[in-house]
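Go by the hints and put chain B onto chain A.
2 protein chains.
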Amino acid sequence: MQYSSEAIERLVEMFSSLPSIGRKTAQRLTYYILRQDTQYVIDFSKALINLKENVKFCDTCFNYTEISPCPICASEKRDKTVLCVVAEPNDVLAIEKTNEFKGKYHILHGVLNPLEGISADDLKLKELIARLSDVKEVILAINPSIEGEVTIQYIAKLIKPLDVKVSRIASGIPIGSAIEYSDEATLSRALEARINVVF
Amino acid sequence: MQYSSEAIERLVEMFSSLPSIGRKTAQRLTYYILRQDTQYVIDFSKALINLKENVKFCDTCFNYTEISPCPICASEKRDKTVLCVVAEPNDVLAIEKTNEFKGKYHILHGVLNPLEGISADDLKLKELIARLSDVKEVILAINPSIEGEVTIQYIAKLIKPLDVKVSRIASGIPIGSAIEYSDEATLSRALEARINVVF
Numbered sequence: 455m456q457y458s459s460e461a462i463e464r465l466v467e468m469f470s471s472l473p474s475i476g477r478k479t480a481q482r483l484t485y486y487i488l489r490q491d492t493q494y495v496i497d498f499s500k501a502l503i504n505l506k507e508n509v510k511f512c513d514t515c516f517n518y519t520e521i522s523p524c525p526i527c528a529s530e531k532r533d534k535t536v537l538c539v540v541a542e543p544n545d546v547l548a549i550e551k552t553n554e555f556k557g558k559y560h561i562l563h564g565v566l567n568p569l570e571g572i573s574a575d576d577l578k579l580k581e582l583i584a585r586l587s588d589v590k591e592v593i594l595a596i597n598p599s600i601e602g603e604v605t606i607q608y609i610a611k612l613i614k615p616l617d618v619k620v621s622r623i624a625s626g627i628p629i630g631s632a633i634e635y636s637d638e639a640t641l642s643r644a645l646e647a648r649i650n651v652v653f
Numbered sequence: 455m456q457y458s459s460e461a462i463e464r465l466v467e468m469f470s471s472l473p474s475i476g477r478k479t480a481q482r483l484t485y486y487i488l489r490q491d492t493q494y495v496i497d498f499s500k501a502l503i504n505l506k507e508n509v510k511f512c513d514t515c516f517n518y519t520e521i522s523p524c525p526i527c528a529s530e531k532r533d534k535t536v537l538c539v540v541a542e543p544n545d546v547l548a549i550e551k552t553n554e555f556k557g558k559y560h561i562l563h564g565v566l567n568p569l570e571g572i573s574a575d576d577l578k579l580k581e582l583i584a585r586l587s588d589v590k591e592v593i594l595a596i597n598p599s600i601e602g603e604v605t606i607q608y609i610a611k612l613i614k615p616l617d618v619k620v621s622r623i624a625s626g627i628p629i630g631s632a633i634e635y636s637d638e639a640t641l642s643r644a645l646e647a648r649i650n651v652v653f
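First to last, the protein sequences are chains A and B.
Going from the first sequence to the numbering used here is simple: count from 1 and add 454.
Going from the second sequence to the numbering used here is simple: count from 1 and add 454.
Only chain A is shown next, with the shape it has when bound in the complex (with noise of 0.2 Å):
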């Protein structure tokens, strides 16, 4: 394909570096900033550079942050006997919305994986257990995938001689969804942990 210029190439290139960016969004994407103004377009670049440059990991519980301890380590009102421990940074994002857990995070940064060569020791798992003196349950927020199941197993193994409650979070239909249109590994873990309707 033949572009008028080198400079909207660049920008479409990386556009489509990004993930779910196809060609055709990234030439969309481009034409949109052409349009803009120069301001956004500056805006646009700082907002990228200080991104890199201010954004580092909590030395505490590895989530993102500018300040070290992260703003959720650092609060007093939360609960830090409670431990919510998730694969990503985004898995955060996703339990805040919710507004139902006040305790705190633990971002492990990947599962086991061994077909991609990720091992316990690629992920912060020592950091987890050195962080387990004062907390009285572990919460285990990561997705249902086979490495998820694997990564739960481990971590409750890894676990269990502390004396440390190992929770995970329910899998079953999502609210809004129909048993007919539902997969038999869901459904079939729905019956298994079923829950006593209270009168």
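Be careful, since some hints might not be right.
In this list, chains with the same sequence are indistinguishable; a pair is considered to hold if it fits within one copy or across any two.
[Unchecked claim] For lysine-lysine, the following BS3-like pairs were computed, each having C-alpha atoms within a straight-line distance of at most 27 Å:
#: 1; residue 1: K531; residue 2: K556
#: 2; residue 1: K510; residue 2: K500
#: 3; residue 1: K614; residue 2: K578
#: 4; residue 1: K578; residue 2: K478
Don't read these hints as lab results, they were simulated from the structure.
Using the frame of chain A, we list chain B on its own:
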């Protein structure tokens, strides 16, 4: 939603401001960029600034270009007697991809839209008329929407006194699609514009 960093929030907002990028995608993109090295972020930032600094309009066809006239307008190999009129620069990319069209382009930068206050003066129409002295055919490659139809009729009337042939690209059933699933408007247009089968 609480972010652990203002720098993250700012880039999420920049990505969200782009068309077709929702907040969740913007988050995913921002976290993706956090995982890249510094060079990647510098390249991305430069591509943005570079785009705005170097890309301008071609004085002839009004496509985006770094040098005016743009490579297509400057090319001796392209037939300057056939002019393809499009609404937006992206349309040029789509047509160039076919490798079918060997003439030159003219970009209107919009279509007539009274509801949004876009009148003939907002489009590059005077500039189109000024280019027609050597032109034998004007091909209107404008989306077959209501606004597009109005624009096509308007341009056809405008050019009529100038003794230049005016054509429009065909509407009909897309290749690979089925009659069964075509909407009535497309199907009646396809029937109307039927062509003889040559033996």
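*State whether the alpha carbon distance between K578 and K478 is at most 27 Å within one copy, between copies, both, or neither.*
between (38 Å within a copy, 25 Å between copies)
*Up to 27 Å between alpha-carbons, please classify K510 paired with K500: within, between, both or neither.*
both (17 Å within a copy, 22 Å between copies)
*Give the relationship of K614 and K578 under a CA distance limit of 27 Å: within one copy only, between copies only, both, or neither.*
within (18 Å within a copy, 73 Å between copies)
*When no copy is named, should K531 and K556 be tagged within, between, both, or neither for a Cα gap of at most 27 Å?*
The answer is within: 8 Å in one copy meets 27 Å, while 68 Å across copies does not.
Every hint, counting from the list given before, is met by this structure.
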